[in-house]
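J.: Starting from the known structure of chain A, fit chain B onto it as the hints suggest.
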Amino acid sequence: MALDNKIDNHDKRSIQDMIAKKKNGKNITSITEKVMPAILFLIAAVSILTTIGIVYTLLTETIEFFKRVPIMDFFTGTVLKPLSQNPEFGVLPLINGTIISSIIAMLVAGPIGIMTAVFLSEYASERVRRTLKPMLEILAGIPTIVYGFFAFTFVTPLIREFFPSVEATNILSPGLVMGVMIIPMIASLSEDAMTSVPNAMREGALALGSTKLEVTFRVVIPAALSGIIASFVLGISRAIGETMIVTIASGSSKNFTFDITQSMQTMTAYIVEVSGGEAPAGSTIYYSLYAVAMTLFVFTLIMNLLARYVSRKFREEY
Amino acid sequence: MKYVDTNQVQKNMNSRLLKNNVLKSVFFLATIFGLIVLAVLIIRVIMQGASWINMDFLTNKLSTSPDRAGIMGAILGTFWLMVVVIPVTLILGVGTAIYLELYARKGRFQSFVQTNIANLAGVPSIVYGILGMTIFVRALDFGNVVLAGGLTMSLLVLPIIIVAAQESIRAVPQHLSEASYGMGATKWQTVKNIILPAALPGILTGSILSLSRAIGETAPLVVIGIPALLIPFPGGIMDRFTVLPMQIYYWTIDSSLVEEYANLAAATIIVLLVLLFLLNATAIVIRNKFQKRY
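Protein sequence lines, in the order shown, are assigned to chains A and B.
In terms of the working numbering, the first sequence is residues 1 to 318.
In terms of the working numbering, the second sequence is residues 1 to 294.
Next up, chain A with everything else stripped away, as it sits in the complex (with noise of 0.2 Å):
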């Protein structure tokens, strides 16, 4: 009785009141259970108009590029020559800079992440991988607009101290420093997948008179292999993707070469060049852009789903 009198008092209502008010579901609490989920929903959907946004504006303006360029001539064509009296429109030139830039950018990622991993994950301390690691993911944090300062102005003067023939811009150089930019990447989701080998397995290799690296090479590798490929194809999909290093240190020539010594523009590359001005909405180099776009997303696209299959089918489970 004292407690609800004491309610009574405080609240000038009874719980009857409460109860019944409840039940109408006319007060703030009940209309904001039902109202949150809905707005909550509508939130979460935003992700997915992203998506459709990021398709539909690429597919339509595709469509309408592909009604003034025919399809064969832009995947087909070695010349791209957007701003000239006749352009031409072929996209080889820029999917062989993508590819030559993500091949260099691999050839330094790859082997040096993959040895970082099996060194933080097989032969490091703990100690010492507390250490190292943090440090090595500061590489990953550096924004690239840095990297590509520093492949124009350093890295490339560097070269070419050595190797006069080599061009001011060059793919070469932009191709080394996105491949020590994808190192930390490798080297991390690789040595996640490497540290997920059980123990137990080493441990039988180790007490059959295996050395570390026998272990190392014939147990851990290969039983982390499906994480190590996957840790590789999103690395290619990170470089593919890159765009300041290669439109600072790579110029905008659109050569058709395997020089690596030459100027030679990516898919990326070549958006910056024609949305940075020279290209009025409606024109043919406008929707240029959105070609060349949709190619770069259907190509980092198939990587990554080909990364998460990779990971997925040929997980080894223990």
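Be careful, since some hints might not be right.
[As the list claims (entries may be wrong)] Subject to a maximum C-alpha distance of 27 Å in a straight line, what follows is the list of computed BS3-like cross-link-like pairs (lysine-lysine):
{"hint": "1", "chain 1": "A", "residue 1": "Lys313", "chain 2": "B", "residue 2": "Lys106"}
{"hint": "2", "chain 1": "A", "residue 1": "Lys212", "chain 2": "B", "residue 2": "Lys11"}
{"hint": "3", "chain 1": "A", "residue 1": "Lys67", "chain 2": "A", "residue 2": "Lys81"}
{"hint": "4", "chain 1": "B", "residue 1": "Lys11", "chain 2": "B", "residue 2": "Lys24"}
{"hint": "5", "chain 1": "B", "residue 1": "Lys192", "chain 2": "B", "residue 2": "Lys289"}
{"hint": "6", "chain 1": "B", "residue 1": "Lys192", "chain 2": "A", "residue 2": "Lys34"}
{"hint": "7", "chain 1": "B", "residue 1": "Lys106", "chain 2": "A", "residue 2": "Lys34"}
{"hint": "8", "chain 1": "A", "residue 1": "Lys212", "chain 2": "B", "residue 2": "Lys24"}
{"hint": "9", "chain 1": "B", "residue 1": "Lys106", "chain 2": "B", "residue 2": "Lys187"}
{"hint": "10", "chain 1": "A", "residue 1": "Lys133", "chain 2": "B", "residue 2": "Lys289"}
{"hint": "11", "chain 1": "B", "residue 1": "Lys106", "chain 2": "B", "residue 2": "Lys192"}
{"hint": "12", "chain 1": "A", "residue 1": "Lys212", "chain 2": "B", "residue 2": "Lys19"}
{"hint": "13", "chain 1": "B", "residue 1": "Lys187", "chain 2": "A", "residue 2": "Lys34"}
{"hint": "14", "chain 1": "A", "residue 1": "Lys133", "chain 2": "B", "residue 2": "Lys24"}
{"hint": "15", "chain 1": "B", "residue 1": "Lys106", "chain 2": "A", "residue 2": "Lys133"}
{"hint": "16", "chain 1": "A", "residue 1": "Lys133", "chain 2": "A", "residue 2": "Lys212"}
No lab work stands behind these hints, which were simulated from the structure alone.
Every value quoted in this text rests on a predicted model; they were computed, and no experiment measured them.
T.: Frame of chain A, contents of chain B only:
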């Protein structure tokens, strides 16, 4: 007859151990390689740019003459960009995370959204730039102002903050929310009063990390069309603007014309890296100080 020839074993073992030790040093060198490049990069930038940093450089307007050029406009631009990015990413990111973790029924739709977010995280930043240019700058006709750039950047970093928020919400122990339900709290009350406060340090860490990504990102803004011209200081989110990375970009590509521009770029890089360092240090402090263990 001896089953094991000890001499033979000894001979083989030596070379195997040697190989092991040699490759161990090779692996170590590979690990150090990245750090050496990092050190060279930082030393190089500091040597080139440190002497250019002074009060004038930080507070002056842009100028074509290197001696008088300053980055106040870029600093303000970065600030206004954050004014857009922070609330938008927090609301969208945390809201999505709450929905996926606490409200969505485990099923097709939830895993669809989840896959979608993973795919968005892998889309190159320049593609977001094209989205921003098409939707925000042209279709909605904002022009190349802070708001358009900020919304584009928000979409770009959204996957990072969603994943971070999801992880920290998942880490809140079940018994806390059960206790809250047991006291008669409704679902939203539990989310607002129990789960979000407990997950806050993780969410903050994630949002600071996504913020530092947004501060350092250049490509989407290039596509949106940040002018290289000398524009007045931005005073709000509907003004045209430039940011620190854009300034680095323009000064770097123009350094073949005016050599000192490279030094200005280096000086701006120092400012940018210091800013990012401070942000990340804050994230680490928050993580260590407020992260409760249950």
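J.: Next step is simple, just say for each hint if it's right about the structure.
T.: Consistency of the hints with the structure:
no., hint, result
1, Lys313(A) - Lys106(B), "holds (23 Å)"
2, Lys212(A) - Lys11(B), "holds (18 Å)"
3, Lys67(A) - Lys81(A), "holds (18 Å)"
4, Lys11(B) - Lys24(B), "holds (20 Å)"
5, Lys192(B) - Lys289(B), "holds (22 Å)"
6, Lys192(B) - Lys34(A), "holds (15 Å)"
7, Lys106(B) - Lys34(A), "holds (19 Å)"
8, Lys212(A) - Lys24(B), "holds (9 Å)"
9, Lys106(B) - Lys187(B), "holds (17 Å)"
10, Lys133(A) - Lys289(B), "holds (21 Å)"
11, Lys106(B) - Lys192(B), "holds (21 Å)"
12, Lys212(A) - Lys19(B), "holds (10 Å)"
13, Lys187(B) - Lys34(A), "holds (10 Å)"
14, Lys133(A) - Lys24(B), "holds (17 Å)"
15, Lys106(B) - Lys133(A), "violated (35 Å)"
16, Lys133(A) - Lys212(A), "holds (21 Å)"
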